[in-house]
Structures are given as C-alpha cells and as structure tokens.
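K.L.:
Chain by chain, the residues run as shown.
2 protein chains.
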Amino acid sequence: MSMLRNFFLSLSLLLLSNGAVFADSTDPLPSWNDSQSKQSIMAFVESVTRSDSSDFVPVAERIATFDNDGNLWAEQPMYFQLFFAIDRVKALAEEHPEWRTEEPFASLLAGKLEAALAGGLESVLKIVMASHAGMTTEEFEVIVSEWLETARHPVTKRPYTEMVYQPMLELLDYLRANDFKTFIVSGGGIEFMRPWTERVYGIPPEQVVGSSIKTEFEMEDGRPVLRRLAEIDFIDDKEGKPVGIHSHIGRRPIFASGNSDGDLQMLQYTAAGDGPRMMLYLHHTDAEREWAYDRESSIGKLDKGLDVAAEKGWTVIDMAQDWSTVFPAEVK
Amino acid sequence: MSMLRNFFLSLSLLLLSNGAVFADSTDPLPSWNDSQSKQSIMAFVESVTRSDSSDFVPVAERIATFDNDGNLWAEQPMYFQLFFAIDRVKALAEEHPEWRTEEPFASLLAGKLEAALAGGLESVLKIVMASHAGMTTEEFEVIVSEWLETARHPVTKRPYTEMVYQPMLELLDYLRANDFKTFIVSGGGIEFMRPWTERVYGIPPEQVVGSSIKTEFEMEDGRPVLRRLAEIDFIDDKEGKPVGIHSHIGRRPIFASGNSDGDLQMLQYTAAGDGPRMMLYLHHTDAEREWAYDRESSIGKLDKGLDVAAEKGWTVIDMAQDWSTVFPAEVK
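For the record, the sequence lines run as chains A and B. For the first sequence, the working numbering begins at 2 and goes up steadily by one. For the second sequence, the working numbering begins at 2 and goes up steadily by one.
Since the hints were derived computationally from the structure, they do not count as laboratory data. Even for Gly, the Cβ is constructed at its ideal location relative to N, Cα and C. Hints may be right or wrong, so weigh each one.
[Said to hold, decoys possible] Partner residues are not named here, just some residues of chain B that face chain A (Cβ under 7 Å, in silico):
1) 218
2) 250
3) 273
Using the sequences and the hints given, assemble the complete structure.
P.N.:
Shown next as structure tokens:
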C-alpha cells in the first residue's frame, strides 16, 4: 500500500506542479510583460524550488510577505481604510456630539480631509482606531463586511475589493503553486483586512499581520466575547513590520514585497537572512491606468526605499512598463 | 492532461486520507483505550469532515488549539521552561552580581525554588522573561536549542522533548490527516516553544501562540536584528488565551484542548461559537505513569474547569483510564 500510495502521490505532485514543470506551456504571470522584473521573480522561484538547485529551500521555509496598501490593492487618493473610518465617523456622529469640536473628528466631519490627516500615519491610525472601538470583534467583522458591499471608490466607482492588482493576484497564486506560504504584513488594521483577504487574495485570517487595537475577554449575557478597546496595541509599520513578522510568523521571510518606505525594514530584514532572498518594490509609475507617485507623496511615500533598492540591487517593478494589466476589470 | 491529473489526484487523496477511508483497518489513535473520550473525539472528527454530514465544517474553519504545558508535554515537578530559566540564571549569574540579593533570583540561585515561585504565574513569567532578555531573537533560538540537547528531566532523566504525550501526538496527526490546522496556545514563552514544536509536534512556528516579551528592530553592524527587551508584551493565559487566539489566528477554534483552569477561557470561547464544537480537558489521574493532580495543585491547577466541564458536558480525559501509553518511550 505504501509503495502504491507513494507512486501515485509522486505522479500527482509532478502533474500538479505545473508552475515548474509546465512553465513553457502555461504562463503563470500573464498580466506581467516579459520584463526584467518578471524574469527575476520566475528565476528566483525556480531556483528555490528545483530540488537539484544549490539554492533549494525546503517548503516550510518558503515564507512570502506582502504589504497591502499600494501593493496588493490601491491606496489613492488615500488609504481605503480611511474612507471606511470617515463613513463610520459620519454614521456614529450623532452618538458622539463631542466629535464636533474634537480634532481630528471635527475636520473629518467638516470634510476637511487634509487637516484631519496632517499628523501622518500615527494620527491616521488614531482616527481609525478611535472610530473602530467599543464593539465586539464579531460585530466589527459584520460592519466591515457590510461596508465593503456598498462602498465605492471615489474615482473609479468600483467596490474597493476590485481595486486589487491583477498581476499581484497572479503572483500570489504562482508562489502558492510553488508551495510558498503567503502572508500580508500591512500597516492597516488586522481586523479590517481579515474579513475579506481569504476571498479576495486567498490569504486566510491566520496569515494576516497588521496594526491592532487591544481587545478584552468578557462575558456578555453569559457568552464570552472579545471587546475592542480604544487603545492601540501594535503599529505594524516601518520598524514594526519585522517585529510583527517575528511575532506572528516566527520565521524570516525569503520573499518580501512592498511599495513604500514603510516597507523598508521588512525588506531589509528579509534581505539579511542566509541563502536566496527576493526583495520587491512596486513603483507607482502609471498615471494613466493607476497613479504615479513616489518620493514626494504623503501617501505611500517611496524615497529612501528607492535609493536602497538601487544600491542593493533589489527588484523594482515599474508598473507602467512591467504590467500589461493593472486591475481585474481590465482582464478580457 | 487535466482529466489525467484529476484522476491521479483523486486517487492519491483517497489513498492519503487513510484516517477517514481506512478508519476500520487502521486505528489512528492506538495509544488511546477504547473509552468514551476516544469515541467522542472520533465521532466529532467524523461528523465535521463527512461531506454529507449536517455538521460538516469547511477545511478553512477546522482550527484546533492545544495548550502545551501539562497537555502536550508534562509540567511536573514544575514547568519545563522554569528549569530552562534556572539553568540560564545560573549560567549568567557571574555577569549579574545584583542577582545575589535581588528576588526572585536570589532564591533561585540559592536553590529555594518554592520561595522564588511563590508569586504565581505572573511572577514566574517575570523570572523567565528577565533571564531571557538582552540577546537577539536568533541568539535566543540557539540558546534554547542547545539547552534542549543537553538538559534532562530531573525525575525521568529523559530529554524534555521526550516528555511529550504519545496519545496527544497521535491526536495531532489524526486531526491534521482530517485537514485540521493545529495550533499551540500556551502560557509558555512563544520563542521558547518555536525552535522545537515543528520537529516534535509537527506544528510550525507560525502556528504557535504564547506569552511574549517585546522585541525591537535595530541595526547591529549594518545588519538588522530583533533585540529581546526585558519587558512583558503579552501573557497568554486565562483571559489572555482568547485574545491571543484572536490576534494570531483571527478565527474561533472548533476544537480546543487544555488541562488547567488557565485554559478555561479558551474552552469557553471555543464552546461559544456556532455549530459543532469539541472541548477537551486532560485530567492528570495517573500517579504511577505520570503525575496525579488537579484542584489543589500549584502547577496546572484544574478546579473550576472540572466543574464547568461536568456542567457543560465537555470531554474529560482520564489519563490513567483512557491512555494505554503515556510517553513515546513506552511504545513497543
């Protein structure tokens, strides 16, 4: 039985691993132009998965981490979670008369977004967290899911979950077909992402790392619930990303993908391990199909990261040049 | 090609899933006597995995959480991590002259364990954390691994990683063969467990939840490292267990296994979900092959949990009655 099982298993694995075996006949990254970026990615994946390769990496160590905002889905004209926060603040404003005079809520409610966001990511997260607390974790999941069903992007009028990048969906699939475990490591709220990452990206909740507020176990009418407290627990950005990776994954990634200076430490941490490594920066160069921004942007600023990438020889994806398709809606 | 692939795949899956298909011919839990506990476990697993069952649970939601100390490995005559801490304190004592007068180190170094441990788990964790900080995460992993190679249990003289429970190893395998994802959720240190849980339990680092100290990203000679700080980050015990589960897994388990009052909230949280649930308590009743302790024990106290289990009809494993084998060394 054992020999028979092993024979069929081997045969199936061979037939299943079309990413490697049938690379010639099926392009696993059809929305990527045949650029240096695509070639680098495929050469890396082949080198760590071919059992006769000197760079072979065992399956358990094939950890790939992806930033979310501006990397798996868009982040312009501002972080999508902020649109959620604004809608939520508006919905709750009647219950919170104090917000009319208290910043940054006063500015938010007055429609003065720039004033409300002036304090950068820390202040942004403060707004987000403050508008996200008080309910149980289950209630919050429902609130996020319902918002995603009805909310539309202000420019494209599409649901936010359709503002994801088709080439990155293909990259996630390609890595998983080659036995990588794919994780999100985002500055965004962990509980804002988990309700939809499995459906949209194929990434289950236990593989999502993000910023968090504290939760507390309590009994509500004899039933245990987790209450979301208005207190920041962890900010998963910049130096926080390697800390979040270590806390949640406990292993150094061999592949990391980001698009801003907030991802630099994650890429540095990934680069510092032994053996083969791949560090990817997505450069937003496509003003026509998406947005073009980098060193001067207040959202998704990519400045120091571009310099380090050039110095270290990391792969920089030029969105305009390297992607034949940006959003799934463009796929024929 | 696709049909051929599907045929072999189906055949392989059939041959691989011996837990379900060959349940009659192969006992997946050979170290369990044919008791009510074993029958309950197998009936539960069958009910959630049979596709025609009204209790069927999709693979993604088959989350099982296990306490570690006293549940997957022994915890007597005291928590094994404490033996590690004592050995570590002794090894570092020369560098820390202040420990000679500072409690609980003074008591530890004087061999007065009871005095050092008088403060309960919080104080125990404080001792552990204080003796575990200062180095990088990579250095700590080496320290733990080297200790496990040489340290021996004071009573059995076996390596600590052989003080694991054979029936629980079988249960972990059985659940995974039925597409459960198995997690550790322990009051012990997350970084104390991760270096060996994959080898010993088949549980990878990213599926280990535990207590933690803070870490900080820093550059050491131009290389990014994570430094372990002498500051408690999270205590994964009692009310902390559902919080840790939510933070790391983001999904409510459908199966939870513990052995002490420290696991009660995890079991309550698991029980409170919709659909089929299994809550397991391991009752240490075997003074001959292991240890017998429950309501009065200072380590692994099981008092309120026994009452709740009886009231709610949870499964209580009677170690002496239900297990034909306790430790792997007893397997013929």
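K.L.:
It remains to establish, for every hint, whether it holds in the given structure.
P.N.:
Hints, verified against the model:
no.: 1; hint: 218; result: holds, 4 Å
no.: 2; hint: 250; result: holds, 5 Å
no.: 3; hint: 273; result: holds, 5 Å
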